[in-house]
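Those protein sequence lines, which keep their order, are chains A and B. Each residue of the first sequence is one higher than the one before, starting from 1 at the first, in this note's numbering. Each residue of the second sequence is one higher than the one before, starting from 1 at the first, in this note's numbering.
In short, the hints are calculated from the structure, not lab data. Do not take every clue at face value.
[Claimed, not checked] DSS-like, lysine-lysine: derived pairs with alpha carbons at most 27 Å apart: (1) B/Lys34 / A/Lys36; (2) B/Lys19 / A/Lys39; (3) B/Lys73 / B/Lys42; (4) A/Lys37 / B/Lys9; (5) A/Lys7 / B/Lys54; (6) A/Lys39 / B/Lys42; (7) A/Lys22 / B/Lys7; (8) A/Lys37 / B/Lys19; (9) B/Lys19 / A/Lys22; (10) A/Lys44 / B/Lys42; (11) A/Lys7 / B/Lys38; (12) A/Lys37 / B/Lys7; (13) A/Lys36 / B/Lys55; (14) A/Lys39 / B/Lys7; (15) A/Lys44 / B/Lys54; (16) A/Lys39 / B/Lys9; (17) A/Lys39 / B/Lys65; (18) A/Lys36 / B/Lys9; (19) A/Lys7 / B/Lys65; (20) B/Lys65 / A/Lys44.
[To be verified] Simulated coverage check for chain B against chain A, where a stretch passes if three residues somewhere in it have a Cβ under 8 Å from a Cβ of chain A: (21) 11-21; (22) 28-34.
[What the hints assert, rightly or not] Per label pair, the in silico range of CB-to-CB distance: (23) B/Leu90 / A/Lys44: 32 to 38 Å; (24) B/Glu29 / A/Ser8: 57 to 63 Å; (25) B/Lys34 / A/Ser153: 55 to 61 Å; (26) A/Asn6 / B/Leu51: 26 to 32 Å; (27) B/Leu90 / A/Lys22: 15 to 21 Å; (28) B/Gly39 / A/Leu155: 26 to 32 Å; (29) A/Glu11 / B/Leu51: 20 to 26 Å; (30) B/Gly28 / A/Ser13: 33 to 39 Å; (31) A/Lys22 / B/Gly28: 27 to 33 Å; (32) B/Asp87 / A/Leu166: 58 to 64 Å; (33) B/Val30 / A/Ser153: 55 to 61 Å; (34) B/Glu10 / A/Arg154: 56 to 62 Å; (35) B/Ala13 / A/Asp17: 50 to 56 Å.
Backbone N, C-alpha and C define an ideal beta-carbon position, used for all residues, glycine too.
Single-letter residue listing:
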Amino acid sequence: MASLDNKSPQEISDLLDEYGIKHGPVVGTTRNLYVKKLKEAMAKGKKAKPSSDKTYYREEEEEVTYVYKTPTKSETSGDGGPYMRSRREWAEGEYGHDTSYSSYSSSRPEYRGRDLVNEPYMYDTPSTYSSNSYAKPTPMKSEPEKPKAQKSSRLIPLWLQFVFFLALAAFLYLVFSNMETNEPIQGIV
Amino acid sequence: MSSTSQKHKEFVAEPMGEKPVMALAGIGEVLGGKLEEKGFDKAYVVLGQFLVLKKDEELFRDWLKDTCGANAKQQRDCYGCLKEWCDAFL
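Pulled out of the complex, with its shape left as it was, chain B reads as follows (with noise of 0.2 Å):
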């Protein structure tokens, strides 16, 4: 298992919430703010995106590469966030 952040672990320990777009592994200030320009203000309005997507890594990481401009690191820890807290909670 790759090593993921402090964020990482924060995130998938518990339910998300209301926690912030920014919360989420992967999603700094700078895209947190692209996001919620393009009205995902929440962590749960990209989970929903994440679902509708049908959790697939390849879609779900060409939509936030479209949406905010993740560069291919930020795209695999916010894929691996959202992934592990659904296999988790959902």
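Just chain A, same shape as in the assembly (with noise of 0.2 Å):
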């Protein structure tokens, strides 16, 4: 291994990139800190590498996050309106959001114009999470991503959530029919 004496401070500098070693310029005064630093990671054996990969991740994590996202989004904006407008008002706000949705904005840009499109592209990340519409004429990977999606968004399995659903209603019958009440119970129950 070479020394890391003999580095150059930009080699220094490419070392602490490389381990992910947050950092200022190599300078006659931090050399020997940046120096230590190197050899304890070194030492540790992590390795971890810059972010060039996460950006692949990223347009599977945004639609996962979208998952989450969208529930609370649409139930507090536009209960009142249309359930097109809230959805609109959602997508928009989250491509003024940030760097990571650069490769959503650059692929659909041509969406947002157009109000008619708009419906069909609306449909795909949403119906990711459930309920209404499977109307997809959706361009992109969704597809591929939507089963992986659903899979992924649960931890519990969805079968088991409504076993556990079921038992509680049952044991909640039964309680309920063994209350002693002075007056009959049929209309209720």
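Put the two chains together into one complex; each comes in its own frame, and the hints tell you how they fit.
Below is the structure:
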């Protein structure tokens, strides 16, 4: 292994980046500190590569975050208004959002301007999480990702949730029916 | 906000000018002497180092520990002092 002492400041800086160590310029007074940090990092054997790979994940990640975000946003915004409008507001808000959406915004700018085409587009991401629309003339790769997003979004399988729910309902019914009351409870049960 | 010492308050109240390194919060006689040995004889030189380390807390505290053997409290005090000074005057 080449001695760190013989490396140029630029090389030290590059090494620090490779290990993901946050740093300033490598000057006379900082060199020792950074060399020491590099030695520690090398001894630990950790190697954190810079984030060039993460851009690939981002598209999937963002897909998943849509799944979580859309329920709250659609519920809070536009309850009275049409469903479409609340979705559009949310989507446009997300566009304003930031850097990682560049992949989306670059691939779907044409959809923003056109109301008609907005409709199929809108349903593509909401449909990942559930309820209504399975209208899918969805252009992108959202289709193969939809089942993936669905799977990855559940920690407990859906059937198990249903089982628990039914068990709870049955339990509550038993409790209810065994309660002693003065008047018959047929009207309620 | 955690309580700050009198030294801290005095330091951050005005531009540091030519104040000695021992005027920094957390830096007493012993640490000040060690810093001076290494060439950091004025508070502004330590400020320079603080800035070159991009005002990062971890880096600065590590540097301080390596350079003069400051303990955690002294590191924290010195970092806090310089940070607040920079917020006010830089």
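- request: Would you check the hint for B/Lys19 and A/Lys22, treating anything up to 27 Å between C-alpha atoms as holding?
  value: 30 Å, violated
query: Is the distance from the Cβ of B/Glu29 to the Cβ of A/Ser8 consistent with 57 to 63 Å?
result: Given range 57 to 63 Å: violated, Cβ gap about 38 Å.
query: Are A/Lys37 and B/Lys9 close enough, with their CA atoms no more than 27 Å apart?
result: 33 Å, violated
query: Going straight from one Cα to the other, do A/Lys39 and B/Lys65 come out at no more than 27 Å?
result: 17 Å, holds
- request: Mind checking the alpha carbons of B/Lys73 and B/Lys42 for me, to see if they're no more than 27 Å apart?
  value: Holds, at about 21 Å.
message: Given the hinted pair A/Lys22 and B/Lys7, is their Cα-Cα distance within 27 Å?
response: The hint is violated at about 30 Å.
field: Given hint B/Lys65 paired with A/Lys7 - CA-CA distance at most 27 Å
entry: Answer holds: A/Lys7 to B/Lys65 is near 24 Å, not above 27 Å.
query: At the C-beta level, are B/Leu90 and A/Lys44 separated by a distance inside 32 to 38 Å?
result: 35 Å, holds
message: Between the beta carbons of B/Glu10 and A/Arg154, is the distance compatible with 56 to 62 Å?
response: 59 Å, holds
- request: Take a quick look at whether A/Lys39 and B/Lys9 sit within 27 Å of each other, Cα to Cα.
  value: 38 Å, violated
- prompt: Is 55 to 61 Å a correct range for the gap between the Cβ atoms of B/Val30 and A/Ser153?
  reply: Since B/Val30 and A/Ser153 have Cβ atoms about 58 Å apart, the given range 55 to 61 Å holds.
query: Is the distance from the Cβ of B/Gly28 to the Cβ of A/Ser13 consistent with 33 to 39 Å?
result: With a Cβ separation near 34 Å, B/Gly28 and A/Ser13 satisfy 33 to 39 Å, so the hint holds.
Comparing the model with each numbered hint stated earlier shows that hints 2, 4, 6, 7, 8, 9, 10, 12, 14, 16, 18, 21, 22, 24, 28, 35 do not hold.
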